[in-house]
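Participant: Protein chains in written order, with numbering that gives the first Met the number 0: chain P, 0 to 305; chain V, 0 to 218.
A couple of the hints might just be wrong.
[Stated by the list, open to error] For lysine-lysine, the following DSS-like pairs were computed, each having C-alpha atoms within a straight-line distance of at most 30 angstroms:
hint: 1; chain 1: V; residue 1: K5; chain 2: V; residue 2: K19
hint: 2; chain 1: V; residue 1: K46; chain 2: P; residue 2: K14
hint: 3; chain 1: P; residue 1: K190; chain 2: V; residue 2: K46
Keep in mind that the hints were calculated from the coordinates and are not lab data.
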Amino acid sequence: MFGYVRPFKGEMLVKEYDAYKGVYCQLCRALGKYYGFPMRLTLSYDCTLYAMLALNQRDADVKAEKKRCCCNPMKKCTYVCPANEDVFAEEAFHKAAALSIIMTVHKLRDTAADEDGLKAFGARVLRLFARRAMKKASNDYPFMADAVQKMMDDQADAEHAKEISIDRCSAPTAEMLQTICAELGSNAGEKAVLSEVGYFLGRWIYIMDAADDLTDDLLQQKFNPFIQKLGLESSRGLHLLPEERKRADEECNAVLNGSLARLLPAVNLLPSGKFTRILENIFEKGLPEMQREILFLHIKKEKRHD
Amino acid sequence: MTDPYKVLGVSPSATDEEIKDAYRKLAKKYHPDQYGDSPLSELAGEKMKEINEAYDTIVSQRKNRGANNNSYGYNNYNTYNAGYNAGYAGGSSASGFNDVRRFIMAGRIADAEQILNGVPVESRNAEWYFLKGTVLYRRGWLEEAKEHFTRACQMDPGNPEYQAALNQAMNQRSGVYGGYNPNMNMNNAGGCNACDICNGLICADCCCECMGGDLIPCC
Numbered sequence: 000m001f002g003y004v005r006p007f008k009g010e011m012l013v014k015e016y017d018a019y020k021g022v023y024c025q026l027c028r029a030l031g032k033y034y035g036f037p038m039r040l041t042l043s044y045d046c047t048l049y050a051m052l053a054l055n056q057r058d059a060d061v062k063a064e065k066k067r068c069c070c071n072p073m074k075k076c077t078y079v080c081p082a083n084e085d086v087f088a089e090e091a092f093h094k095a096a097a098l099s100i101i102m103t104v105h106k107l108r109d110t111a112a113d114e115d116g117l118k119a120f121g122a123r124v125l126r127l128f129a130r131r132a133m134k135k136a137s138n139d140y141p142f143m144a145d146a147v148q149k150m151m152d153d154q155a156d157a158e159h160a161k162e163i164s165i166d167r168c169s170a171p172t173a174e175m176l177q178t179i180c181a182e183l184g185s186n187a188g189e190k191a192v193l194s195e196v197g198y199f200l201g202r203w204i205y206i207m208d209a210a211d212d213l214t215d216d217l218l219q220q221k222f223n224p225f226i227q228k229l230g231l232e233s234s235r236g237l238h239l240l241p242e243e244r245k246r247a248d249e250e251c252n253a254v255l256n257g258s259l260a261r262l263l264p265a266v267n268l269l270p271s272g273k274f275t276r277i278l279e280n281i282f283e284k285g286l287p288e289m290q291r292e293i294l295f296l297h298i299k300k301e302k303r304h305d
Numbered sequence: 000m001t002d003p004y005k006v007l008g009v010s011p012s013a014t015d016e017e018i019k020d021a022y023r024k025l026a027k028k029y030h031p032d033q034y035g036d037s038p039l040s041e042l043a044g045e046k047m048k049e050i051n052e053a054y055d056t057i058v059s060q061r062k063n064r065g066a067n068n069n070s071y072g073y074n075n076y077n078t079y080n081a082g083y084n085a086g087y088a089g090g091s092s093a094s095g096f097n098d099v100r101r102f103i104m105a106g107r108i109a110d111a112e113q114i115l116n117g118v119p120v121e122s123r124n125a126e127w128y129f130l131k132g133t134v135l136y137r138r139g140w141l142e143e144a145k146e147h148f149t150r151a152c153q154m155d156p157g158n159p160e161y162q163a164a165l166n167q168a169m170n171q172r173s174g175v176y177g178g179y180n181p182n183m184n185m186n187n188a189g190g191c192n193a194c195d196i197c198n199g200l201i202c203a204d205c206c207c208e209c210m211g212g213d214l215i216p217c218c
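Just chain P, same shape as in the assembly (with noise of 0.2 angstroms):
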């Protein structure tokens, strides 16, 4: 489920992209910190989406400061750091770091379960390594870890359910992310407006992931919401024809353009800050391109647009 949200790079001027670098490398550094080394190997772009959004809502005080890579030694970052210590943009980079850890663990958990020989046997491995900072990070912020943990839950109750339904299916993801985007806000108007973020963010990676995934899950026999939504179930364990392809394609694009309308409006009332121009870029640009990329393009996860 991670990986999906990214900038358009190719839109954004130099001075953004490094701002989003910087946070970037600032969150990395911030899993270091609370967690321990070895977390630094959670990150990944959705929690800097998260830290971005948590930063940009109090208008966090915030600095460049260039030091060396603590992964790559040669090399120099700019890291978007906290500045006159600022409680706002401490705590930004801390809640990220928390979600990092928290919904890698919940995906490890998801593959242990999915899964079976190898890789069921690495993420137990993984999740066994993962149990102290798991710990302090539900410590930490309590609501993440419940969001989360109902999400497991109602998710596994959508799946089993009779009828397949993509809203059903992905209205435990997008209940996670409203809860937990919701939190962001300080008075009854933001926390709307972070709300609908928040759950069409959710509804959108959700159903990304649904779609990239469709022609592995009907060849490996999988559950997919997609699959009785189109009326696949006579081509599981085979591969689609071209024409079928297409159509599932299409149909899966205009799920998720069904879900960016939403979106996009909501992002529109967020207030403006400085990573609001950042902000704008990954949803109005970078989620459109993932949607072209792998649907359209089928390019493999290794070699997407950042």
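Got chain P; can you put chain V on it based on the hints?
Facilitator: Same frame as chain P, but now just chain V:
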């Protein structure tokens, strides 16, 4: 009062043209069309009001200064706000679901849904499907909302209210409000297709014939 120039994101030394541009851009961003049934429509409306006021203030300030005698004929978007939320209240007088419509208007989606779910399956009419679709749309269950709107339109094909809801759902899916539209992007990239070329030639031929010449002798 907040600085109207700040609201529009322009400097006080900006030209009238720049201010108009900034205003148009913002007005498009917060236009009520995008927010339709979204729970954020009220917030967007407030934002729109703020922008309108800022623009009006700047225009009247500049007029008073007498620096510029241009007419500011650009009508603002205030008018949209008024009519927008009236939709559910008065809709149809023969409605059997006035209470549901009232709940939806007030944003009490759970209450509206509870009443709708209590209606037995055999007495669910076109309006029931439309209202249920509206409730689902509010909650973000967009696919099921679209299916309910489709059903409502099938049961009562002439109803403009149901048709409008379905059209909006279809437009959102096709990428009109953002997202990716494979067909549109292809046209943009191509610039000019075979049809455009023929049209161009026919136009050129007509022009030549007007002037007494002929570009394509056979037509």
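Participant: If you test the structure against every hint from before, which numbers come out violated?
Facilitator: none
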